[in-house]
Amino acid sequence: MGRKLLLEKAGIENIRQYDVYRQNGGYSAQEKAYKMAPADIIEEVKKSGLRGRGGAGFPTGLKWSFLAKPEGVPRYLVCNADESEPGTFKDRYLMEFLPHLFIEGLAISSYALGANTCYIYIRGEYAWIPDILEQAIAEARNAGFLGKNILGTGFDLEIYVQRGAGAYICGEETALLESLEGKRGNPRIKPPFPAVKGLWGCPTVVNNVETLAAVVPIINIGGEEYAKIGIGKSTGTKLISACGNINKPGVYEIDMTISVEEFLYSDEYCGGIPNGKRLKACIPGGSSVPIVPANLLLKTAKGEKRMMTYESLADGGFQTGTMMGSGGFIVLDEDQCVVRHTLTLARFYRHESCGQCSPCREGTGWMEKILQNIEYGKGKMSDIDLLWDIQSKIEGNTICPLGDAAAWPVAAAIRHFRDEFEWHVLNPEESQKRNFGLAHYADPLEVSVA
Amino acid sequence: MAEEKKLFKVTIDNITTEVEPGTTILMAARKIGGDIVPPTMCYYSKLQNTGGYCRTCLVKVTAGSTADPRPMPKLVASCRTAVMDGMVVENITNPAVLEARKGVVEFLLINHPLDCPVCDQAGECDLQDLSYEHGTEGTRSEFRRRTFERIDIGPYIQLHMTRCILCYRCVHTANQVAGSREHGVLDRGDHAQIATYIQQSLESPMIGNVIDVCPVGALTDRTFRFKNRVWFTKPMDAHRDCPHCKGSVRLWLRGDDVLRVTARKDQWGEVEDWICNECRFEKKKVSDWVIEGPTQLNRHSVINAGHYTNAAKPTEFLKEVMNGHAPRLLLDIHTVSGVNMVDLNDLPGPATGATFNGNPNAFGHNPTDVKEGVGRNMAGTDSTNPNTP
Ligand SMILES: Cc1cc2nc3c(=O)[nH]c(=O)nc-3n(C[C@H](O)[C@H](O)[C@H](O)COP(=O)(O)O)c2cc1C
Ligand code: SF4
Ligand code: SF4
Ligand code: FES
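Those sequence lines, one after another, are chains A and B.
According to numbering that gives the first Met the number 0, the first sequence is numbered sequentially starting from 0.
According to numbering that gives the first Met the number 0, the second sequence is numbered sequentially starting from 0.
It cannot be assumed that every hint is accurate.
[Claimed, not checked] Away from chain B, derived, C-beta distances all over 10 Å, residues of chain A:
hint	residue
1	G153
2	Q161
3	G181
4	A194
5	E223
6	P273
7	C353
8	P358
9	R360
10	G362
11	A410
[Said to hold, decoys possible] Short, incomplete list of chain A residues facing chain B, as computed with Cβ under 10 Å:
hint	residue
12	T299
13	A300
14	G302
Derived by calculation from the structure, the hints in this document are not laboratory data.
Note that the coordinates shown come from a computational prediction; the quantities given were computed from them, not determined experimentally.
Ideal Cβ placement from N, Cα and C applies to all residues, glycine included.
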């Protein structure tokens, strides 16, 4: 049984209410933190080795220490609750079921950063969650954990909830800031980074919901203790939202010491694949990370067990590895069509590209059209190479990582499942019926048993 | 003693120069000049916050600075990246840069119709130059381009989104020069478009400048559209006393007719001084202007064709061979055809045979006039040619 830090209290009845949360030890981390110097909190977070849970995995303590502190200029903490990555739904769970844990994390982080204003930028489609958060904010305020002169420290903090209008790109931190300022959600050109010039030109830290919530257990158990959980630079616990062809879809908290195999097959987590089907592939970190076929999912290129850690998932680079990303674990069984999935993703990125840079704006649409042709049996062999070439010309050549996020799934699908693309081209009629005999992708586990 | 300013040393394609801190790679390259200057489609030095979008100016930074000589991991947009002391940059000397640029050209042409023969911007289109110099011939895309209907936004400007490459220059111009935000970008991705939201007109007295900054034929001058091809016109620098702007402009003449007035552009194709709508659209008589002389254009420009500034005059030989007699039976085309009686400015459309054939006020069918629904074309090629469906 893995250690639970974030979802520890999730099973408690009515934990969403302030009184229940407080009775179960809630806000004690804030009380503890507000007795510390802000710099010591940042130090504690640094020691914990916490890496940003929004996708990029950048060390949080380090990011906080970059925050510029000019005299007389306000600083902001902005919580990225946009969570629009297909396959990722962990932040929603945290905010919905443990709003006070989240608010406590924001209060501690704002204090550490010296930010008197904190914004939660939440995805508009999470229509019911802002009400839950606003209620929690009001309760925390009444109890003296927010507002003026919190816990007699002289520190003031207001938290505002801002709803997005439903654009994936508004999850990119600079686009988010533009949107928060009331403008079109286009990513800004960096530098300057938000830590220097962020919201309204002031120093700003943007962090993911889970990252900020994790500050609570870090203060509770101490950074060193937190760092002991997990392997290497993958410290602490991580929320994984699992979906696709698995028996038990849901949000799981793992301490980063378990293997992918255990996560996928054990009853504590995904519970294996339904109907005795075999595993074909998996996208382990949300839709923007490379897909990996079964044989590379469970074992790294070196033949070692692949672990649920940042490093192990990335082992082998883009050739044989993938990424932890935002932790959306999407499983495909043997009946799934990779071409079709790739088309679905391409359509998503085409639709969500902000349209600022020409490679992303034009390339994503082009890829979608080619994939559509291949999927519907109208493709040519040369289309596969063309797709490869297009994605390579998008990757790395754009303002923000959405271009890469659109390119990687296509690249990985072709790299690992090229024969499936070819099969579509060679069998135009059958490909429309989507009836595959692709047993050779089945996972080594099942094959060895048989 | 005046404090000496520390200059940054930067090497671009093996040529080293010194620039002030804060200079971008692009501006450093422009300082050096020649082939090593990256092409730009969205950057505009006369406007703030432009650049970074089109990605045509990508370069490779092979050494960040003397202090930290590590290369930058990806290609960077030279128009938005500041130089560091000791930076080493590769532009045309790096095959990956050229390859990426080719890719950008291909991307830009995916939704830009290749209808230069019937585009009003032909001859002065940045995209045409870019694809000629940095692209490959032919596109690998087999899909229909997106198309829009032309709309007249106000009395002076026509927008044809079919040709727009979303460089955002006109949006910045409207915000910064015209003094009011009159249009912007609607929607996202490849469905994004320049729009006035609810079909409004652009009315600011400086809004005509959006025509000059548009690198392609998406925003055109309704008072000039298809009156002529630019390479048949002769550019002249001129000025007038204008209460709204500096009044120094470029006149585009055909004979003695002022067909078009634009701002003057520098060697990078960027406007030198913004001009007002009055100068641009209302002053179409030579007598409105003080002519300074022919514009010095790049020798290679198509607009230069046929315009010789220091050409040798042919000697008058007829009298000589006719023993001093003046030719009588030769035709004087001016008196016979009445060409000079027609002021092309007064014609609402391009002149046709009928115009010159006894009826100076007659004009042909104007295929660019969309108000009657003529020239509507949803086939992917914008064609102002009436023979195209
Ligand atoms: C296109 C795009 C969408 C993103 N969407 C989200 C998102 O929904 N939520 C999120 O936390 N981070 C998202 N990110 C990552 C953020 O830009 C940023 O890295 C993150 O919020 C930083 O927080 P962290 O350091 O806590 O991970 C997105 C990035 C990109 C490029
Ligand atoms: S990569 Fe795509 S989403 Fe990101 S700025 Fe460029 S066009 Fe917009
Ligand atoms: S209309 Fe012209 S200037 Fe405006 S964005 Fe399009 S291409 Fe650029
Ligand atoms: S000119 Fe630099 S990106 Fe467009």
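* Asked: So which of the earlier hints does this model not fit?
  -> When the structure is compared with the hints, numbers 7, 8, 9, 10, 12, 13, 14 turn out to be violated.
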